[in-house]
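Protein chains: 2
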Amino acid sequence: MSVKGLLLVGHGSRLQYNKELITTTAEMMKEHGGDYLIRSCFLEYSNPTVAEGLDLMRSEDLEILIVVPLFLAKGIHILRDIPKILGLEAGKKRGTFTLADGRVIPLVYAEPIGIDPLLAELMLKNAANALTLPEDA
Amino acid sequence: MSVKGLLLVGHGSRLQYNKELITTTAEMMKEHGGDYLIRSCFLEYSNPTVAEGLDLMRSEDLEILIVVPLFLAKGIHILRDIPKILGLEAGKKRGTFTLADGRVIPLVYAEPIGIDPLLAELMLKNAANALTLPEDA
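Those protein sequence lines, which keep their order, are chains A and B. Its first residue numbered 1, the first sequence is counted upward by one per residue in full-length UniProt numbering. Its first residue numbered 1, the second sequence is counted upward by one per residue in full-length UniProt numbering.
Hints are not guaranteed to be accurate.
It does not matter which identical chain is meant; a pair holds if it fits inside one copy or across any two.
Computed cross-link-like contacts, DSS-like style, restricted to lysine-lysine with a CA-CA straight-line distance of at most 30 Å [as the list claims (entries may be wrong)]:
no., residue 1, residue 2
1, K74, K30
2, K4, K19
3, K125, K84
4, K4, K93
5, K19, K84
6, K125, K92
7, K74, K19
8, K125, K74
9, K125, K30
10, K93, K30
11, K125, K19
12, K4, K125
13, K93, K125
14, K4, K92
Bear in mind the hints are in silico, worked out from the structure with no lab data behind them.
Start from the sequences and build out the full structure, keeping to the hints where you can.
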């Protein structure tokens with residue numbers, strides 16, 4: 001049965017933290033997220049690359065591919081670099097994706113985190129946690 | 001009466017989106033966040049700079065300053081660049097901050113967004129929204 005593919009794209013980093021964030025978030029999404037087939041990949045420094053992530057998705061029996069950038073806000077990566085790899089026309093959010101068996105399915109490109117009350121909530125939580133740091137922190 | 005100061009630090013960008021994200025999140029935090037005096041500043045490209053943000057905070061009647069980085073994960077900016085500007089010892093989360101009137105108050109350095117179920121929730125929301133994009137998106 002066909003499923004919806006969700007490819008989470010992170011920036012990647014020379015340090016391990018960005019990759020940990022992306023892959024753990026992908027795991028949490030699997031727990032909460034219902035019926036997506038979820039994989040993660042990285043624009044720079046970390047593996048798999050976006051091209052490799054797309055190739056992994058190509059062999060799955062997908063009905064649609066949703067590409068979700070785990071970035072804070074629009075910038076050059078979101079507006080230019082990732083769309084280019086996805087083969088999207090400039091400014092477009094919808095394209096197509098060719099599976100390994102030759103079927104062409106829709107591809108949609110989601111927004112980065114952006115302005116959201118959940119983000120404000122997260123920042124207030126981190127601020128409150130900082131107030132409880134031990135004296136020698 | 002003394003208040004807790006909260007300085008939100010964003011990356012900044014040559015484009016407007018990062019600044020919009022940081023300043024709007026700061027506004028949302030003011031609405032939801034109770035008793036903090038909140039300002040935002042930027043590490044690169046956007047204004048005010050972190051040094052300018054600290055100077056603005058210096059003239060307030062603060063009892064403590066909480067510096068909250070609106071970054072996704074630890075990286076060089078979080079581990080090295082921002083602590084350096086804050087005058088924190090390497091690896092330390094607690095320091096001091098000298099107000100314009102000479103009083104020395106505690107400074108605490110909060111964590112970036114990091115691994116959090118709220119982030120997974122946000123990504124699933126953005127994925128679901130992408131499925132409802134108009135045909136010509």
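Hints, verified against the model:
Taking the shortest alpha-carbon separations for K74 and K30, both the intra-copy value of 25 Å and the inter-copy value of 24 Å come in at or below 30 Å. In this assembly of identical chains, the alpha carbons of K4 and K19 lie at most 30 Å apart only when taken from the same copy (23 Å versus 33 Å across copies). Within a single copy, K125 and K84 get their C-alpha atoms only as close as 36 Å, which misses the 30 Å cut-off; across copies the closest is 24 Å, which meets it. In this homomeric assembly, K4 and K93 come within 30 Å of each other (Cα to Cα) only inside a single copy, at 17 Å, whereas the closest approach across copies is 42 Å.
When the C-alpha separation of K19 and K84 is checked against a cutoff of 30 Å, the pair qualifies both within a copy, at 22 Å, and between copies, at 24 Å. For a Cα distance limit of 30 Å, the shortest separation of K125 from K92 across copies, 20 Å, qualifies, whereas the shortest one inside one copy, 35 Å, does not. Proximity of K74 and K19 under a CA criterion of 30 Å is satisfied in both settings, with 20 Å inside one chain copy and 10 Å between copies. Proximity of K125 and K74 under a CA criterion of 30 Å is satisfied in both settings, with 24 Å inside one chain copy and 17 Å between copies.
With identical chains, the CA atoms of K125 and K30 are at most 30 Å apart both within one copy (24 Å) and between copies (13 Å). When the C-alpha separation of K93 and K30 is checked against a cutoff of 30 Å, the pair qualifies only within one copy, where the shortest distance is 24 Å, while the shortest distance between copies is 33 Å. With identical chains, the CA atoms of K125 and K19 are at most 30 Å apart both within one copy (22 Å) and between copies (21 Å). Proximity of K4 and K125 under a CA criterion of 30 Å is satisfied inter-copy only: 15 Å between copies versus 33 Å inside one chain copy.
Taking the shortest alpha-carbon separations for K93 and K125, only the inter-copy value of 16 Å comes in at or below 30 Å, while the best intra-copy value is 33 Å. For the homomeric pair K4 and K92, the shortest alpha-carbon distance inside one copy (20 Å) is at most 30 Å, but the shortest distance between copies (44 Å) is not.
In this structure, none of the earlier numbered hints is contradicted; all agree with it.
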